[in-house]
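Chain order of the listed sequences is V and W. Note that numbering that gives the first Met the number 0 has the first sequence beginning at 0, numbered continuously upward. Note that numbering that gives the first Met the number 0 has the second sequence beginning at 0, numbered continuously upward.
Calculated from the structure, these hints are not laboratory results. Just so it is clear, the structure is predicted and the values come from calculations on it, not from any experiment. Be careful, since some hints might not be right.
What the hints assert, rightly or not - The calculated label-pair distances, taken between Cβ atoms and stated as ranges, are:
no., chain 1, residue 1, chain 2, residue 2, range
1, V, Pro-178, W, Ala-133, 39 to 47 angstroms
2, W, Ala-244, V, Ser-109, 50 to 58 angstroms
3, W, Thr-277, V, Ala-78, 18 to 26 angstroms
4, W, Ala-289, V, Asp-152, 48 to 56 angstroms
The C-beta atom is built at its ideal place from N, Cα and C for all residues, glycine as well.
There are 2 protein chains.
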Amino acid sequence: MPALYSRVAFIGLGLIASSMALAMRRAGLVESYTGHARSAETRATALDLGLIDTVHDSAAAAVQGADLVVLAVPVGAMAAIAQEIAPHLAHGATLTDVGSVKGAVIDAVSPHLPGSVQFIPGHPLAGTEHSGPAAGFAELFDNRWCILTPFEDVSADAVARLRALWEGMGANVDLMDAPHHDLVLAVTSHAPHLIAYTMVGVADDLRRVTDSEVIKYSAAGFRDFTRIAASDPTMWRDVFLNNKAATLEILGRFTEELFALQRAIRREDGDHLHAYFTRTRAIRRGIVEAGQDTDAPDFGRAALRKGTPRD
Amino acid sequence: MPALYSRVAFIGLGLIASSMALAMRRAGLVESYTGHARSAETRATALDLGLIDTVHDSAAAAVQGADLVVLAVPVGAMAAIAQEIAPHLAHGATLTDVGSVKGAVIDAVSPHLPGSVQFIPGHPLAGTEHSGPAAGFAELFDNRWCILTPFEDVSADAVARLRALWEGMGANVDLMDAPHHDLVLAVTSHAPHLIAYTMVGVADDLRRVTDSEVIKYSAAGFRDFTRIAASDPTMWRDVFLNNKAATLEILGRFTEELFALQRAIRREDGDHLHAYFTRTRAIRRGIVEAGQDTDAPDFGRAALRKGTPRD
Ligand SMILES: NC(=O)c1ccc[n+]([C@@H]2O[C@H](COP(=O)([O-])OP(=O)(O)OC[C@H]3O[C@@H](n4cnc5c(N)ncnc54)[C@H](OP(=O)(O)O)[C@@H]3O)[C@@H](O)[C@H]2O)c1
Ligand SMILES: NC(=O)c1ccc[n+]([C@@H]2O[C@H](COP(=O)([O-])OP(=O)(O)OC[C@H]3O[C@@H](n4cnc5c(N)ncnc54)[C@H](OP(=O)(O)O)[C@@H]3O)[C@@H](O)[C@H]2O)c1
Numbered sequence: 000m001p002a003l004y005s006r007v008a009f010i011g012l013g014l015i016a017s018s019m020a021l022a023m024r025r026a027g028l029v030e031s032y033t034g035h036a037r038s039a040e041t042r043a044t045a046l047d048l049g050l051i052d053t054v055h056d057s058a059a060a061a062v063q064g065a066d067l068v069v070l071a072v073p074v075g076a077m078a079a080i081a082q083e084i085a086p087h088l089a090h091g092a093t094l095t096d097v098g099s100v101k102g103a104v105i106d107a108v109s110p111h112l113p114g115s116v117q118f119i120p121g122h123p124l125a126g127t128e129h130s131g132p133a134a135g136f137a138e139l140f141d142n143r144w145c146i147l148t149p150f151e152d153v154s155a156d157a158v159a160r161l162r163a164l165w166e167g168m169g170a171n172v173d174l175m176d177a178p179h180h181d182l183v184l185a186v187t188s189h190a191p192h193l194i195a196y197t198m199v200g201v202a203d204d205l206r207r208v209t210d211s212e213v214i215k216y217s218a219a220g221f222r223d224f225t226r227i228a229a230s231d232p233t234m235w236r237d238v239f240l241n242n243k244a245a246t247l248e249i250l251g252r253f254t255e256e257l258f259a260l261q262r263a264i265r266r267e268d269g270d271h272l273h274a275y276f277t278r279t280r281a282i283r284r285g286i287v288e289a290g291q292d293t294d295a296p297d298f299g300r301a302a303l304r305k306g307t308p309r310d
Numbered sequence: 000m001p002a003l004y005s006r007v008a009f010i011g012l013g014l015i016a017s018s019m020a021l022a023m024r025r026a027g028l029v030e031s032y033t034g035h036a037r038s039a040e041t042r043a044t045a046l047d048l049g050l051i052d053t054v055h056d057s058a059a060a061a062v063q064g065a066d067l068v069v070l071a072v073p074v075g076a077m078a079a080i081a082q083e084i085a086p087h088l089a090h091g092a093t094l095t096d097v098g099s100v101k102g103a104v105i106d107a108v109s110p111h112l113p114g115s116v117q118f119i120p121g122h123p124l125a126g127t128e129h130s131g132p133a134a135g136f137a138e139l140f141d142n143r144w145c146i147l148t149p150f151e152d153v154s155a156d157a158v159a160r161l162r163a164l165w166e167g168m169g170a171n172v173d174l175m176d177a178p179h180h181d182l183v184l185a186v187t188s189h190a191p192h193l194i195a196y197t198m199v200g201v202a203d204d205l206r207r208v209t210d211s212e213v214i215k216y217s218a219a220g221f222r223d224f225t226r227i228a229a230s231d232p233t234m235w236r237d238v239f240l241n242n243k244a245a246t247l248e249i250l251g252r253f254t255e256e257l258f259a260l261q262r263a264i265r266r267e268d269g270d271h272l273h274a275y276f277t278r279t280r281a282i283r284r285g286i287v288e289a290g291q292d293t294d295a296p297d298f299g300r301a302a303l304r305k306g307t308p309r310d
């Protein structure tokens, strides 16, 4: 496949940007790679790891001459960066982002852009609880979804090319509007993260059960929550502040349901509990059948996967 | 190692009993294996799989002549079985169980037992979201904890032997009292399970986001909840009904904390959110350091583990 873009500039060089660079290199999708991150340390690491060919001290410098610019910083940092880079974007360049929230990013970025720039917001539904330039791996997006939320006035060619890029990185691409994206993600990712953070916080607070007991006896259930709750605090603060309405709506429904189940426990209504727990199994089956997770008994994790860091 | 028991009888032949049989056989811990399960189908499968040498149509028949009896049925089924088997237990036999709740099991089982029987309640902190006799594997308990909650009047020899058995199956053994066990497990397992069931139920209910969208876009966060919420409905109904007080207490604290975080989102108090999310990371680090989970980026699961059903 001939390269789709001649020069990509990553603003932000963490988990997502580094994985994108590796996935693009794997398939030869871009001719040259450059970028910028806030700290000199991250910039040096990204260069050392061979993620990018050149590095810049400022975002404004990094985007010059790039036909593809990827904003891969926390959602709360997008507005300032958009303002800084806007005058320096190449005519006709495609600007995209990978933020976990779309409505707020669009509001933050769009006002600054010149009309010649094709802005196509995006969000790859893939990540890990690790962050930074060394956390990336080329396979992160394989068989995962990437959602694009382009406006109607954007060039169809530019969308098609960005779609081909994500497909070349191994992802499946879907288009939807930004408000729907934000609602779907509030359900499948944002609310679950807040809930996991909360449950781990409760465990940490409880004085009659020590932290060391929580750690020791964390098999099945809680252990998965701790993994979710180990995700980057800055990223998640920004997600909640920027997808406030949808997250609060889903949390409202969640507490309603939780109260109903608590009442069923209090009243010893076993039939209600059993029926509820039976219904939720079907969704799991759907996820496994859709190839989005394996049916291997993960709770078991009997042989801890020491030798297979990325499976 | 010479065998620790001459004859074990499993009542219930599902995930836990089958894993125990395989783990005991792996280390040659017992001379002969027998058992009983409710359905003829499960009994036949357990025999076919070579988990047990002989099978019985009734629990009463299965326990005869056994020096170790393991109750491995849902918590709600323990009372009736204890009543049925009590007159048939061998003099001096050890009776144990693997129920996820200890106080209620003790209340259900103890009243029926003759004084000559050594009753030592137990709970291996290991499981998967799968059930039935074919779901078991010998490694399930390796490096996991098994909690025993023996009474003071039980023979120290009997406890030591049962401990050796669990250690022979690969587990680490801890002793504690039943109420503390039930509180610890409410935090590390029972409340998280209810929360995961609830969140998956909310997703299923929401009409503006379709089930197929939930399934498709379930990467990171929600996917782990669906795995937890795929656990056996009967087992979990029984857990909640039988660990009611501790579970409701933890859920009460959980909703309090969740409301505080919701309010922080509503008020856009980013500092509060960031501080909370930073604190919960430490617990995760502890769990990984204690060897109870791997630090591999599980959310990534880029290469779905199709060929490795049990890692
Ligand atoms: N992690 C996930 O699971 C995931 C999944 C999908 C989408 N996303 C989205 O992807 C984006 C990046 O996430 P990530 O996981 O890659 O984060 P990360 O590993 O923490 O990396 C963030 C990068 O942004 C840089 N940065 C932060 N603030 C900056 C600023 N003001 N100016 C310039 N650079 C700045 C950081 O530089 P320093 O290292 O120098 O601080 C770092 O290179 C976020 O919007 C997130 O919502 C994340
Ligand atoms: N799964 C876990 O993660 C886990 C972890 C630790 C402890 N535990 C505890 O271990 C126990 C067993 O769980 P499991 O996961 O092994 O369950 P499972 O795979 O569903 O097996 C349950 C077994 O009990 C039998 N059974 C059910 N009701 C019965 C009755 N009234 N009389 C006789 N047999 C009956 C079933 O027989 P049929 O197949 O014929 O119905 C089946 O063989 C439960 O108390 C649970 O709380 C489970």
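These are the hints, each one checked on the structure:
no.	hint	result
1	V/Pro-178 x W/Ala-133: 39 to 47 angstroms	46 angstroms, holds
2	W/Ala-244 x V/Ser-109: 50 to 58 angstroms	53 angstroms, holds
3	W/Thr-277 x V/Ala-78: 18 to 26 angstroms	24 angstroms, holds
4	W/Ala-289 x V/Asp-152: 48 to 56 angstroms	54 angstroms, holds
Going down the numbered hints, you'll see the structure goes against none, and every one checks out.
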